[in-house]
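Given chain A, put chains B and C in place with the hints provided.
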Amino acid sequence: MNEILNISGVVMDFPTPKGPFTALNNINLKIAEGEFVSLIGHSGCGKSTVLNIVAGLHQATNGGVILNGKEVSEPGPERAVVFQNHSLLPWLTAYQNVELAVKQVFKNTKSKVEMQAWIKHNLNLVHMDHAMHKKPDELSGGMKQRVGIARALAMQPEILLMDEPFGALDALTRAHMQDTLMEIQNELRNTVIMITHDVDEAVLLSDRIVMMTNGPAATIGEILEINLARPRDRIALAEDTTYTKLRAAVLSFLYEKQRKIEPIAEHAKKKSEMKASNSAAA
Amino acid sequence: MSYARMRECTINRAYHLLIGLMLIAVSVISQTVYAEELGYPEKEELKFGFIKLTDMAPIAIAYENGYFEDEGLYVTIEAQANWKVLLDGVIDGQLDGAHMLAGQPLAATIGFGTKAHIITPFSMDLNGNGITVSNDIWQQMKEYIPKMEDGRPVHPIKADALKPVVEKYKENGKPFNMGMVFPVSTHNYELRYWLAAGGIHPGYYAPLKGDISGQIDADALLSVTPPPQMPATLEAGTIYGYCVGEPWNQQAVFKGIGVPVITDYEIWKNNPEKVFGITAEFAEKYPNTTVRLTRALIRAAMWLDENDNANRPAAVKILSQSNYVGADYDVIANSMTGTFEYEKGDKREVPDFNVFFRYNATYPYYSDAIWYLSQMRRWGQIAADKSDDWYKETAAEVYRPDIYTTAAKSLIAEGLAKAEDFPDFATESGFKPPQPEFIDGITFDGSKPNEYLEKFPIGLKQGDEV
Amino acid sequence: MIRNIFTTLQALVIPLIGMIVFIMLWSMAASNINTSLGKFPGPQAVLTQFSALYTEHKAERVKEKAFIQRQVERNAKRVAADPDYVPKMRAYTGKETFLDQIITSLVTVSCGFLLAALIAVPLGISIGLSKTLNTAFNPIIQIFKPVSPLAWLPLVTMVVSALYATPDPVVPKSFLNSMITVTLCCLWPMVINTSVGVASINIDLVNVSRVLRLPALKHVQKIVLPASIPMIFTGMRLSLGIAWMVLIAAEMLAQNPGLGKFVWDEFQNGSSDSLSRILAAVFVIGFIGFLLDQGMRQIQRLLSWDKSTASR
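Chains as they are written, first to last, in my numbering: chain A, 1 to 282; chain B, 1 to 466; chain C, 1 to 312.
The shape of chain A in the complex, shown without the other chains (with noise of 0.2 Å):
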């Protein structure tokens, strides 16, 4: 398969008043065209500034990104974001929302009602189209996420970049919006990179699991290949054991390689203290 991707060498300080901080330190990864990478480790462990970075919404410190062939070094329509919070406009409907990045992005190829196909058709493959003259404060949390999704799909990217988007809905929600990205990646093959914290979610959607270190100075852990077939259902393979194994592996390396220590007496003293607040509150 043709690498599309290619993040080398990857170092991101952050300055701030004690000198720079280091959050990522030497990244290296290779992505192939259509495949789904999940990017997953601990909370703080800089997955989300790694995306920033291949949306260019970020700039390294040190090394680059090349997208098929360019170096990345702003952001753009190619490399479409989902963000964690949906990030509609809330002033405009479901529609608007889309056709804003339609417009914007086929303005010079697509004839206006090739663009109202498109968006219906974007919209379609969300399962969104009954609510798509809705605006966002009418929509709930799953379906706001799905015009999000929509969106992005429309803008024919060449990477999604979708940064923890199931992070704030329930359970249930989520597993339906996970069953309709699969649906969707069956369709269109898009090469993804997806953030997460769940090990269920990224073993289910994934193609390789990149698993990163805590920080500081974070980096590439582990990488492990999800060979499982497509189309993958869940139910099946909850009883699979190459399934079982490859979430055990993933388990392992977050809670017993790169497990977060807090060390015993500082988290009791943080307890009274919370204790101590609480009842001074009171």
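Careful: at least some of the hints might be erroneous.
The following label-pair restraints were derived from C-beta to C-beta distances [as the list claims (entries may be wrong)]: (1) C:S148 x A:K112: 37 to 45 Å; (2) A:S111 x C:L12: 55 to 63 Å; (3) B:Y329 x C:V86: 39 to 47 Å; (4) C:S31 x B:P164: 38 to 46 Å; (5) C:S51 x B:F425: 46 to 54 Å.
These aren't lab readings, by the way, just hints derived from the structure by calculation.
The beta-carbon is built from N, C-alpha and C at its ideal position, and this holds for glycine as well.
The following block gives chains B and C in isolation, referenced to the frame of chain A:
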């Protein structure tokens, strides 16, 4: 609009047009006579300013009786906040003309305050001011005032009665504050005249030293308050007395917050009061307009004094409208109809309290101008000595009987006025004969201002400087 | 159902009771306050003045008609005598009635407000978007914001007089003075609220715009402006409220036509009707202020996507 109604309108219009044309035919014959001499006004839309005082009456009457419109002038009349705003309005052209203190055009022209060449073709009235003290001061003054048989005080009351009161305040280290309406107002000079005649020093000005408060060497400290706010300021205790035009003395009686002690008629019989001021530039640029507005004002003044003040009640009604003076009818009527109420209930006849036309009240006499200039010199507003000629030249620069004469003559020619109501224009020199009727008995001869100044016990004389 | 009726009743009856208590207290207090202009006016006196003011207005309109008629005749006469004359119709020169003054004030406040909006919104957006501009302008805004616009009035008056020296002005200077004062007073709250609204825009929305590579102008038009509309309107409502108060004061101070001048003239007149007329004006001023705020709220509701800010 229905067809019938439209027809009616058209007929109506045609009818009006016919009448109009007939009127034109008549008027063309009668008007050509003066239309040749006196051209159409160059500027037709005018805005005049005034201060809420009864002596603005000629302007209101000229408007309400249509005299301005008769001259082809469309005048808007607008009350002004205070004398300074009014003067600035005239100077910068927001106002085309205004009801002014006689001292204002003179002071502006000689450059005391804002310098600008203002002229006056029309004197607005005689008398009309009064001096009021607060109830408290009145009680203290009363013991020094001689009584008549009926127990009422003898008028005119001299400032001699106020002197012990002022001295008491001085001894106690309390400033004795009084209000007047403007540094170059008639009221300032009248109040000073009255105080000085009673031996109370009203203070000198020293403009060259930058002191324009007028309180140098003063026994009584005079300061400026806009006329309509006088009663409120007196009531608040900020001042103990004031000199102001009507209706603000009578207002104090009605409100029960003060007692008028003397009218300016008693300080100087038939003293000239307000003038109508315009810029010299305006008169030059719009000569016809200037003559025409003077004509309208003369007619208004005539109407105000006609048949022994017969129109005064009607005039009071107009003045009491909120856009003119706006005070209650009764308050304005008190002085306008020939009476003046001193202490509450002590109403006396002062038939000439407000004179608008008789005694040649509207003619702008040079000698009137010179009296004001003499008082400016007396109190130091004019810092250095001036020759008698300077007084005369300055008076002639500001007071413009020539314009007045043109206006009056054209009115006479049209039969709108009688020649005998005016001075004899052929011989009139612009100087009134020496006037002896002042409260201190000093005679004023307008042709000898420097000699006049020598006669005052209090006041700057030749060679004096503050 | 019964509960519903009860709450409606409550919503109607309680303000009514409040009103009645207020009017009772007012009349009681009024009859006990003696000013030098007579008793403090009670509700009855104010009501009488309302009808008197309306009668005056109508009478003035009749006079206006006669004035126009006379003018037409005079013009015809003049044309007959002087064929070169181009007749001109002049506006009525008589006094401005209470209703005229209300309209003058409303026009002034609207013009001043709109002018302020035209300046403040673009300025606020630029300041909100650019840190450099923000740093540059912030001290100026912070210093000018607490200045009472009335302090500007003398300066405005002088500058207008100096710069606007046409012999035949289209709009009167006094109108310009009042209007600019209103503008100055509206400016700061609008600039501040707009810039804060723009600066506090959700970073995700900005990122959406960046990913889409929206050009600067489109970014402002499609993202920034709509996003900050709730804050812009909050600033507008705030400044309109202040503007109305300031305008009345400015009119009083500068004797510029409008409700403020009406109040001041009546105060100066010192007639026995003055206090009740002033009180009538006070009610009108309050009521118009209330209507202005409600009007802005309705517009805000209509234009703003964030309904919660409009309900306050």
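Each hint, compared with the structure:
no.: 1; hint: C:S148 x A:K112: 37 to 45 Å; in the structure: violated (54 Å)
no.: 2; hint: A:S111 x C:L12: 55 to 63 Å; in the structure: holds (58 Å)
no.: 3; hint: B:Y329 x C:V86: 39 to 47 Å; in the structure: holds (43 Å)
no.: 4; hint: C:S31 x B:P164: 38 to 46 Å; in the structure: holds (42 Å)
no.: 5; hint: C:S51 x B:F425: 46 to 54 Å; in the structure: holds (53 Å)
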